[in-house]
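**Q** With the hints as extra help, turn the sequences into a complete structure.
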Amino acid sequence: MAPNAGLRVAGLLTLASNVRAVPVVSEPTTTFSSAPTNYPPPYAISHTNITYHGPYTGRPATTTGALSTNVIGTAIPPAPPPAQIVAYPADGKLHGDQPLPYTPSGGLGTNGSTPIYKVASDFDYQSLALALYHEWIELDLFHWGLATFSDEEFDAYGINAEDRFLLQHMADQEIGHASVIANMLGPQAPKQCEYNYPVSNVREYIDFNQKLTRWAEAGVYGFLPHLNSGPAAAMLLQSITVEARQQMTFRQFGGQFPMPEWHTPGIPQSWAWTLIAPYISSCPHDQTRMVWQNFPALYILNQPNAARINGADVWNETTGGWANTLSTEGIQDDQLCVNALDKTLDCPAAIANNKSIPLSYSGRQVFLKWDEPGQLVGPNNSYVTTTNVAEPKWAAWVSQLNVTYSALHEVNMLERTAYTIQPNVSTWIGDPAVNGTMFMALTDVDLFVTPYNVTMINPHVAALAVYQAG
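Just add 126 to the spot in the sequence shown (first one is 1) and you have this note's numbering.
Don't take every hint at face value.
Once the Cα atoms are required to be at most 20 Å apart in a straight line, the calculated EDC-like pairs of lysine to aspartate or glutamate come out as [to be verified]:
#1 Lys519 <-> Asp459
#2 Lys469 <-> Asp281
#3 Lys317 <-> Asp412
#4 Lys244 <-> Asp277
#5 Lys317 <-> Asp298
#6 Lys519 <-> Asp572
#7 Lys495 <-> Asp570
#8 Lys495 <-> Glu517
#9 Lys219 <-> Asp250
#10 Lys495 <-> Asp439
#11 Lys469 <-> Glu455
#12 Lys317 <-> Asp250
#13 Lys317 <-> Asp223
#14 Lys519 <-> Glu541
#15 Lys519 <-> Glu536
#16 Lys495 <-> Glu536
#17 Lys495 <-> Glu541
Just so you know, these hints were derived from the structure itself, not from any lab. No experiment lies behind these values; they were computed from the predicted model shown.
**A** Now the structure itself:
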């Protein structure tokens, strides 16, 4: 023993003599039981498996057009910003009495009033009803794909059994989303409908999913800060954040980079309704009608095709207007990026793929064609496409924090065709504004709008489409 070892032991014993509890190693208990609550299980909305998918084949609708009352104007005139916001100094100091410790003055719904999770205005009702239409179609669409396409067809695109389980799980999530919204709307909430999907194979199906979830997500972002009911907005927010994850997942299933943009735009309700309505075949006869406008379809004639090795070198490879879903018809196998052997060109389902050939680029000539108004669309062909625009002059690129305009060239109103040049603009340095799954509208003026008031553009929209920039 070393000379001072005894002193060390004695010292430890002296310290130990004052210890009243000695730690011991024990097996952790991981299961506890408690008495069940007296509350009934949460109510989930009734839903069924839709058995028909295809175009509407019923009798002509007896009621057509958007829901309306007394319309008192054709546009909302601009007004100055709120004086309170302009006057607030924003200097990092406190400028009001604190309602309680650690809490600054201000805020909405912070006065202790009991929240009521229901709609509080026509604006709220129609906005949440629109969101419910999207939850219903997603519930069906996710299930439909799993039932329609074989495991082998999914496997061919790298979407394996575990990925398909995720798709099933996302379908189940829609039950909760639909239940939340329907409970806030009440007994007249929109019900499930029958649908018509513009796809014929797995790759087209995945592309339609990633486009639909993008405009559904963006549609909620557009109206969420404007709702009269803050409690309803808080509930809806918890669903739409999951929707954003679903959209990213479908991009990954399609072999695309999951989130190329730095910000996700919001769009007006009429844009979301325009984009979803053509894929709703029929609804129950007593279905709640929508107030929102249906714009004519815009066709991107050289819409970038994410299924191709060179997705920018395309012509007329979509399954139709509005969504402009990619088509793989007629593309040779060696031109599909899922078959590419070069890792800089391939696009299997993956967490991320970084392809060497961009889907689009600034300076690209984009060829356009659009429908004339007056077409019947939506549930039971009971809505009508409309526009106030006699002749469009601009392409509005709606992406991230920006609405950027590029001039239309060679406008032919007989053929309803034109072309424009994809603009070279960045949201921030290193962040091209035109990127990801975004939106394009044809307009007659280059109206200045921002994310909070983008709806002001509606009276100037001639046609609408989803653009696959990246």
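**Q** All the hints need checking, so say for each whether the structure fits it.
**A** Here's how the hints hold up against the structure:
1. Lys519 <-> Asp459: violated (39 Å)
2. Lys469 <-> Asp281: The given pair, whose Cα atoms are some 19 Å apart, holds under the 20 Å limit.
3. Lys317 <-> Asp412: holds (9 Å)
4. Lys244 <-> Asp277: violated (42 Å)
5. Lys317 <-> Asp298: Holds, at roughly 17 Å.
6. Lys519 <-> Asp572: At roughly 8 Å apart (the allowed maximum being 20 Å), Asp572 and Lys519 satisfy the hint.
7. Lys495 <-> Asp570: Holds, at roughly 15 Å.
8. Lys495 <-> Glu517: holds (13 Å)
9. Lys219 <-> Asp250: violated (35 Å)
10. Lys495 <-> Asp439: Cα-Cα ~18 Å, so holds.
11. Lys469 <-> Glu455: Measuring from Cα to Cα gives roughly 24 Å; hence the hint is violated.
12. Lys317 <-> Asp250: Holds. Lys317 to Asp250 sits at ~18 Å (cutoff 20 Å).
13. Lys317 <-> Asp223: violated (47 Å)
14. Lys519 <-> Glu541: Roughly 15 Å between the alpha carbons, so the hint for Lys519 and Glu541 holds.
15. Lys519 <-> Glu536: holds (10 Å)
16. Lys495 <-> Glu536: Answer holds: Lys495 to Glu536 is near 12 Å, not above 20 Å.
17. Lys495 <-> Glu541: holds (8 Å)
Going down the numbered hints, you'll see the structure goes against 1, 4, 9, 11, 13, while the others check out.
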